[in-house]
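Model the full assembly from the supplied sequences, consistent with the hints where possible.
One-letter residues, chain by chain:
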Amino acid sequence: MAARQAPTLAASDGITRSAAPDAETAPGPLAIRGMTIAYGEKPAVFSVDMSITPGSMTAIIGPNGAGKSTLLKAALGIVPALSGTVTVFGRPIGEMGRRIAYVPQRASVDWDFPARVQDVVAMGLYRELGLLGWMRPRDRERVRDCLERVHMAAFAGRQIGQLSGGQQQRVFLARALAQDADLYLLDEPFAGVDAATEAAIIGVLTALRDAGRTIVCVHHDLSTVSAYFDHVFMINVSRIAEGPVATTFTAANLQATYGGRLLAAQIRDLGLGDVPRPDAPCPAPLRS
Amino acid sequence: MTALIDALLLRNGYNAALVAIGAAVLGASAGATGTFLVLRKRALVSDAVSHATLPGICLAFIAMTALGGDGRNLAGLMLGSAATAGLGLVLVEWITRRTRLAEDAAIGAVLSVFFGFGVVLLTVIQNLPTGKQAGLQGFLLGSTAGMLYSEALLIAFGGALAAAAILVLRRPMTMVAFDPGYAATAGVPVRTVDLAMMGLVMAITVIGLKIVGLVLIVALLIIPAVAARFWTERSGHVAAIAAAIGGLSGYVGVALSASAPKLPTGPMVVLTCFALFVISLLMAPARGILARALRHRRFQIAVHRRQGLLALAHGEPVIEPLTLRILRRAGLIRADGVVTEAGRAQAAKALIDARRYEIARRMHHEEAIAGRLVGLEPIETVLTPDEIRVIDQRLGVPRSV
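First to last, the sequence lines map onto chains U and R. The first sequence begins at 386 in my numbering and counts up by one. The second sequence begins at 10 in my numbering and counts up by one.
Please keep in mind that the hints were generated in silico from the structure rather than gathered at the bench. Among these hints, one or two may not hold up.
As the list claims (entries may be wrong) - To spell it out: a stretch of chain U is covered by chain R in this simulated footprint if at least three of its residues, at any positions, have a beta carbon under 8 Å from a beta carbon of chain R; those stretches are:
1) 438-448
2) 468-475
3) 482-490
4) 499-510
5) 531-541
6) 617-630
To be verified - FRET-style restraints, in silico, Cβ to Cβ:
7) ASP654(U) - ARG403(R): 19 to 27 Å
8) THR349(R) - SER611(U): 51 to 59 Å
9) LEU96(R) - ASP615(U): 51 to 59 Å
In this text, a Cβ means the ideal position worked out from N, Cα and C, and glycines have one as well.
Pasting the structure below:
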């Protein structure tokens, strides 16, 4: 991506900034500066800065169409960005691919593809297998181990199309585990999965975080933000707020992110106290 | 008939044998390449590529004749066809990327324009003083009559080279076909792999021009792959089986066309290929029609068996004759209708599983709607151990079954 290689960039406000991270801060696992993504002339993400805390578990939240997944994909270089730089542990992302594992949305692939569960997980080992890509016994063992961690070892030989939605999500997580990365980026890992899968996934992610890895999730369900995550990034095309859940996941910030789409009563249900503007119009479900 | 058997057994002389082997190698690498093309959902691109070869063939012939050489030199014609095929490919990519047109529209436009231009050039060549003997029509539908030893060797060698490239590229090509976005983050150079895949398609097309012809080469890329898909659920095996089907089609097709004069090779190869497709469609154990019918029958039996077992568990009489027959054959009830020891155990398990499934359906709402949790299989084969544990906790019956 041209945007990632540029040494400097002209941010959307016209100011040219240095792409290098600030000297006084340690290089964070993921730092995005001045990221703008647009299809045609309509920005999906506008001039967004993001700085992920090492060893944190961050939820990216925002309404539908707020650019949550797009931001993640652009950070990874899957979607081209109009402007902006991405650094991973202080280096351009192109050099740090080895330390990142990505879990795409379950709906992004054709599950009738001829592959077994273990074949998909083995894709996580791509960098380590040689040119010819033969699997060694220890590679097979690692695939099995990763499937074990998501309680899917018994399904290793199954065709992926025969799995339930939650099981498919677990396979994607196991594939990311096989990459043994330091930074895990997940796109809606809890969307449309059953309660047992949700518990299994959060268990795996928490264990990774406790082992010093950094987790970033695009997340939909506001009711679980406080329980699952320690940091939150709130976006609605532009960045609204970023920081620890305790100080950032507030009624005022939610109102600023979701606008009238979130009822004052729903915010109150989250236990965040009263809303600054109690006359919010247009009711909408909390889980969108 | 004897002519066909002679051809199949490579008894028609060294040259004919080499042509048959060349066609087999070509068919095998076309089948394997086509697998990845089909999995990437870009099968029709090969049609644009193949039709775009015609102007190149004609231009190469004109150029070589004008320079005083032999206009029919196969290597030269291949080079020319590759040039315009590449141009067509670039155009399809460009139109798809720069305009709002979908890829199929771009393919249709490029295919027809290039082919039309090629036909015009073909007519021009016909009217040249040297054009009458050009025999370029053979490139439309394929012809192996009078094929040179060196030409057959070139085809076999090119096909083998393509096969080697597929072996090296199979893992990245599979990943890109499954999910290009993820593949990029896992370290696969997606654009390069896509280019290599298209390069392979172009190579197969150009190599196959002489034998199969440009109109029908697309069949040799697509049909083996979709036929192979009936046999297996693994992409590597799909490619291997497609290679076998393609290779067999090439070999038998060439033999068939050699068994009678003036029989064009391309249609013979494609018809052989189609016969193998029909066999796969009907007979393949993994996804074939007969296997599906058998599985449906087994499903019916499972439904009746579960209903019968639940009736036994509840102490209700079993009335349906099919259900009775199934229970009796499985040794779950005796001929006189008395429940056996095994029948009692299985009925108890069926009852517990039915309760578990009831809760599972409530918990896994989406799956229940999709019909995955109807409750016919033993529950261990459908849900993970931790999922079953959660259900048993809700059920409040922590006994092991």
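Assertion that chain R covers the region 617-630 of chain U - criterion: three or more residues, beta-carbon distance below 8 Å
Three-residue rule not met by the region 617-630 of chain U, so violated; n is 0.
Apply the coverage criterion to the region 482-490 of chain U and chain R: a residue qualifies when its Cβ sits closer than 8 Å to a Cβ of the chain, and three qualifying residues are needed.
As far as the region 482-490 of chain U goes, the hint holds, because 6 residues have Cβ atoms under 8 Å from chain R.
For the pair ASP654(U) and ARG403(R), does the Cβ-Cβ distance stay inside 19 to 27 Å?
25 Å, holds
So is the region 499-510 of chain U in contact with chain R by the C-beta rule, three or more residues under 8 Å, or is the coverage claim wrong?
Holds: 7 residues of the region 499-510 of chain U have a Cβ under 8 Å from chain R.
Within 8 Å of chain R (C-beta), three or more residues of the region 468-475 of chain U
As far as the region 468-475 of chain U goes, the hint is violated, because 0 residues have Cβ atoms under 8 Å from chain R.
Return holds or violated for the Cβ distance of THR349(R) and SER611(U) against the range 51 to 59 Å.
56 Å, holds
Between the region 438-448 of chain U and chain R, see if three or more residues pass the 8 Å beta-carbon test, and mark the coverage as holds or violated.
violated (count 0)
Do at least three Cβ atoms from the region 531-541 of chain U come closer than 8 Å to Cβ atoms of chain R?
Since three or more residues must qualify, the claim that chain R covers the region 531-541 of chain U holds, with 4 doing so at under 8 Å.
Falls inside 51 to 59 Å, the C-beta gap from LEU96(R) to ASP615(U)?
56 Å, holds
Consistency with the previously given hints fails for numbers 1, 2, 6, ordered from lowest to highest.
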